[in-house]
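Fit chain V to the supplied structure of chain B, relying on the hints for placement.
Top to bottom, those sequences are chains B and V. Residues 10 to 380 (the working numbering) are what the first sequence spells out, left to right. Residues 10 to 380 (the working numbering) are what the second sequence spells out, left to right.
Everything labelled a hint here was simulated from the structure, so no lab data went into it. Misleading hints may appear alongside valid ones.
Since the list can't tell identical chains apart, any single copy or any two copies may satisfy a pair.
Below, computed lysine to aspartate or glutamate pairings styled on EDC-like, alpha-carbon distance capped at 20 angstroms [stated by the list, open to error]:
| # | residue 1 | residue 2 |
| --- | --- | --- |
| 1 | K143 | D306 |
| 2 | K251 | D213 |
| 3 | K143 | D232 |
| 4 | K117 | E167 |
| 5 | K117 | E59 |
| 6 | K251 | D241 |
| 7 | K251 | E18 |
| 8 | K143 | E92 |
| 9 | K251 | D82 |
| 10 | K233 | E262 |
| 11 | K143 | E120 |
| 12 | K299 | D82 |
The structure displayed is predicted, hence computed values, not measured ones.
Protein chains: 2
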Amino acid sequence: MPSSCLQFEIFHQSGRARVGRVTTPHGAFDTPAFMPVGTNATVKAMTPEEVAETGSRILLCNAYHLFMRPGQDLVARMGGLHEFMNWRRPILTDSGGFQVYSLAPLRKIDEDGVTFRSHIDGGEYRFTPESVMKLENDLGADIIMCFDECTPYPVTREYAERSVQITSGWARRCVAAHAREDQALFGIVQGGVFPDLRERSALDLIPLDFPGYAIGGLMIGEDKDLTWRMVDSLSGLLPREKPRYLMGVGTPEDFLDAVARGVDMFDCVIPTRMARTSHLLTWGGRLTLKQAQYRDDERPVDENCPCYCCRHYSRAYLRHLFQAGEILASRLASQHNITFYQQFMGRCREEIRQGTFDAFHRQWFADHPRP
Amino acid sequence: MPSSCLQFEIFHQSGRARVGRVTTPHGAFDTPAFMPVGTNATVKAMTPEEVAETGSRILLCNAYHLFMRPGQDLVARMGGLHEFMNWRRPILTDSGGFQVYSLAPLRKIDEDGVTFRSHIDGGEYRFTPESVMKLENDLGADIIMCFDECTPYPVTREYAERSVQITSGWARRCVAAHAREDQALFGIVQGGVFPDLRERSALDLIPLDFPGYAIGGLMIGEDKDLTWRMVDSLSGLLPREKPRYLMGVGTPEDFLDAVARGVDMFDCVIPTRMARTSHLLTWGGRLTLKQAQYRDDERPVDENCPCYCCRHYSRAYLRHLFQAGEILASRLASQHNITFYQQFMGRCREEIRQGTFDAFHRQWFADHPRP
Numbered sequence: 010m011p012s013s014c015l016q017f018e019i020f021h022q023s024g025r026a027r028v029g030r031v032t033t034p035h036g037a038f039d040t041p042a043f044m045p046v047g048t049n050a051t052v053k054a055m056t057p058e059e060v061a062e063t064g065s066r067i068l069l070c071n072a073y074h075l076f077m078r079p080g081q082d083l084v085a086r087m088g089g090l091h092e093f094m095n096w097r098r099p100i101l102t103d104s105g106g107f108q109v110y111s112l113a114p115l116r117k118i119d120e121d122g123v124t125f126r127s128h129i130d131g132g133e134y135r136f137t138p139e140s141v142m143k144l145e146n147d148l149g150a151d152i153i154m155c156f157d158e159c160t161p162y163p164v165t166r167e168y169a170e171r172s173v174q175i176t177s178g179w180a181r182r183c184v185a186a187h188a189r190e191d192q193a194l195f196g197i198v199q200g201g202v203f204p205d206l207r208e209r210s211a212l213d214l215i216p217l218d219f220p221g222y223a224i225g226g227l228m229i230g231e232d233k234d235l236t237w238r239m240v241d242s243l244s245g246l247l248p249r250e251k252p253r254y255l256m257g258v259g260t261p262e263d264f265l266d267a268v269a270r271g272v273d274m275f276d277c278v279i280p281t282r283m284a285r286t287s288h289l290l291t292w293g294g295r296l297t298l299k300q301a302q303y304r305d306d307e308r309p310v311d312e313n314c315p316c317y318c319c320r321h322y323s324r325a326y327l328r329h330l331f332q333a334g335e336i337l338a339s340r341l342a343s344q345h346n347i348t349f350y351q352q353f354m355g356r357c358r359e360e361i362r363q364g365t366f367d368a369f370h371r372q373w374f375a376d377h378p379r380p
Numbered sequence: 010m011p012s013s014c015l016q017f018e019i020f021h022q023s024g025r026a027r028v029g030r031v032t033t034p035h036g037a038f039d040t041p042a043f044m045p046v047g048t049n050a051t052v053k054a055m056t057p058e059e060v061a062e063t064g065s066r067i068l069l070c071n072a073y074h075l076f077m078r079p080g081q082d083l084v085a086r087m088g089g090l091h092e093f094m095n096w097r098r099p100i101l102t103d104s105g106g107f108q109v110y111s112l113a114p115l116r117k118i119d120e121d122g123v124t125f126r127s128h129i130d131g132g133e134y135r136f137t138p139e140s141v142m143k144l145e146n147d148l149g150a151d152i153i154m155c156f157d158e159c160t161p162y163p164v165t166r167e168y169a170e171r172s173v174q175i176t177s178g179w180a181r182r183c184v185a186a187h188a189r190e191d192q193a194l195f196g197i198v199q200g201g202v203f204p205d206l207r208e209r210s211a212l213d214l215i216p217l218d219f220p221g222y223a224i225g226g227l228m229i230g231e232d233k234d235l236t237w238r239m240v241d242s243l244s245g246l247l248p249r250e251k252p253r254y255l256m257g258v259g260t261p262e263d264f265l266d267a268v269a270r271g272v273d274m275f276d277c278v279i280p281t282r283m284a285r286t287s288h289l290l291t292w293g294g295r296l297t298l299k300q301a302q303y304r305d306d307e308r309p310v311d312e313n314c315p316c317y318c319c320r321h322y323s324r325a326y327l328r329h330l331f332q333a334g335e336i337l338a339s340r341l342a343s344q345h346n347i348t349f350y351q352q353f354m355g356r357c358r359e360e361i362r363q364g365t366f367d368a369f370h371r372q373w374f375a376d377h378p379r380p
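Chain B with its partners taken away, still in its complex shape (with noise of 0.2 angstroms):
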């Protein structure tokens, strides 16, 4: 398999938490690293430059839907996924696998792979393993990921059981059919909320030696102690020498407590999701800035914080903007809250570099208590 593009060092551990760098053909990113999301080839609001100034080194992008809408056609036409979006660093691909999983019932699943509707044209469509590994080479991110089938929750076990085996059937063509040497492949960890479907899944991926590994089916809707038991039954076994992502994760204190089990890289879209309706992410806590509080506020969201919003606007003048609907509004909040994921990001690294992140991580959740 060609995984050499794609190199991992661990500079420095803390408990399980470690700080380390991922290199790329487009560049290097440290981790534990945040990826914002750019579903169909921009980070809802932003631009490519304004993404990389809130500390962002790689993004992600959605094979599902720049499948169904530019298509992989015109982009591997423009150059690929880079310079069509003009982002030259790092990105990462998601195989559809999840956006599939989200179609139900507008899917129907077999071994061979998946048929079903499209959320933009209602059209019948076919991803097989091979068919998205050519997706994925067409539009020529950096990292890759394997074509799996998204176990639900809640769900039995016989569903898991098969669902792992069908992931693992999958990755091993994923394999096979990836011909690119410049894009890294990653493997993703199935097996449901159940400790020894997840531990059978990552060892039937482990012989194949990917260059990094997911774990995916997790924070869709089961409680949170069951998702970290799944995080632990697989932090002795994957190995400890390649990134580890989890995917469509998450929130600050989610990071703490998957960046504690051994966790390299996230990706979520809260950050730009919540921006759109008024929610600024802040040390503090968090402002709904539509909020009248806010109404005379000549405070900056954070006065700590580095970022184009902070440095040049009142909180007064963005909850006008959120008032009148104005685009303006979502571009200073994303920025905001994305630069809140980079700084937290950088926070941890730091924690792990001084030895400190196990303190860091109870004092947070002394701060913030659990729900």
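Only chain V this time, still in chain B's reference frame:
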């Protein structure tokens, strides 16, 4: 009247067209000038830095909208419009006369002022010349406009005559009520489509010695030849040494026809509004990016355009963003369209300097026939 804060110099003249510079307490702008519209204290989808990058040196905000939301008290407490919206260059506020006119039949005009229902909260409000001067003084723009009665079209001569009388009386009250020496108050000529009423309106205002004169109540449905006849009727009458502002205009063709008649200032929502619906303006004509013909188009919108959009993105990418409903589409297109408008204005100034404006004007209409 406190008007010494505004200087206008004329450097070149070519026929009646002229190149000059208006200097305000927040800096200068070259004329003929196009002012992008920032209705709610934001040029839609753009940051102030991006607006400046288009070459814009003055923008317009709507006193009516800011009165309704967020309110003049708040803006004043936040240090005025410049500080509130982070635009440190010149600003012009219109008086709300046109917006109140647009609210018909929700408004009732009497000699003293206008009572109207808000388009936002449905509440009843009243504007008088004195209350509008207080409003514009509170907002703190460099150039503020008299409260006028914008004559509808079509309209009877009797209505237009009364409208001139009201507007002239209100202008005198605005001069008396205007209370800030760092703001220049412009008068607004009304008179519908009746040349003698236009003249009467101008003759009423000229003794008030405004530092600038606007022509209002045009391009609201009348034929263009009527529009230009009205502007012609004023061009020998309005003081040559004062800037002339044709409100709410227009297209590049309109600019040429107006500049040829000695107009110095313009504002219009066309470039930003068209941008948001995928209409991109270029020297070669208008592109509607949503059309399928641009699906595979690797070229920038305009190869010679210096804007951020044209430097970094293909038509294919921009079309994709429009198809996907992404905010970045509106951003890039707005930057491009305003840049085009400013480039066009720059070209007009250059042609006037070279003494070739008349030929440029004629050539443009040879290439872009009037409908």
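Do the hints match the structure? See the list:
1. K143 x D306: Classified as neither: same-chain Cα gap 52 angstroms, cross-chain 23 angstroms, threshold 20 angstroms.
2. K251 x D213: within (16 angstroms within a copy, 81 angstroms between copies)
3. K143 x D232: neither (36 angstroms within a copy, 58 angstroms between copies)
4. K117 x E167: Classified as within: same-chain Cα gap 17 angstroms, cross-chain 73 angstroms, threshold 20 angstroms.
5. K117 x E59: neither (40 angstroms within a copy, 48 angstroms between copies)
6. K251 x D241: So K251 and D241 pass the 20 angstroms test inside one copy only (16 angstroms; across, 76 angstroms).
7. K251 x E18: within (9 angstroms within a copy, 69 angstroms between copies)
8. K143 x E92: Within. Shortest intra-copy distance 18 angstroms satisfies the 20 angstroms Cα cut-off; inter-copy 52 angstroms does not.
9. K251 x D82: neither (32 angstroms within a copy, 58 angstroms between copies)
10. K233 x E262: within (11 angstroms within a copy, 63 angstroms between copies)
11. K143 x E120: Cα proximity of K143 and E120: one copy only (19 angstroms, versus 74 angstroms across).
12. K299 x D82: between (42 angstroms within a copy, 19 angstroms between copies)
Comparing the model with each earlier hint shows violations of hints 1, 3, 5 and 9; every other hint is respected.
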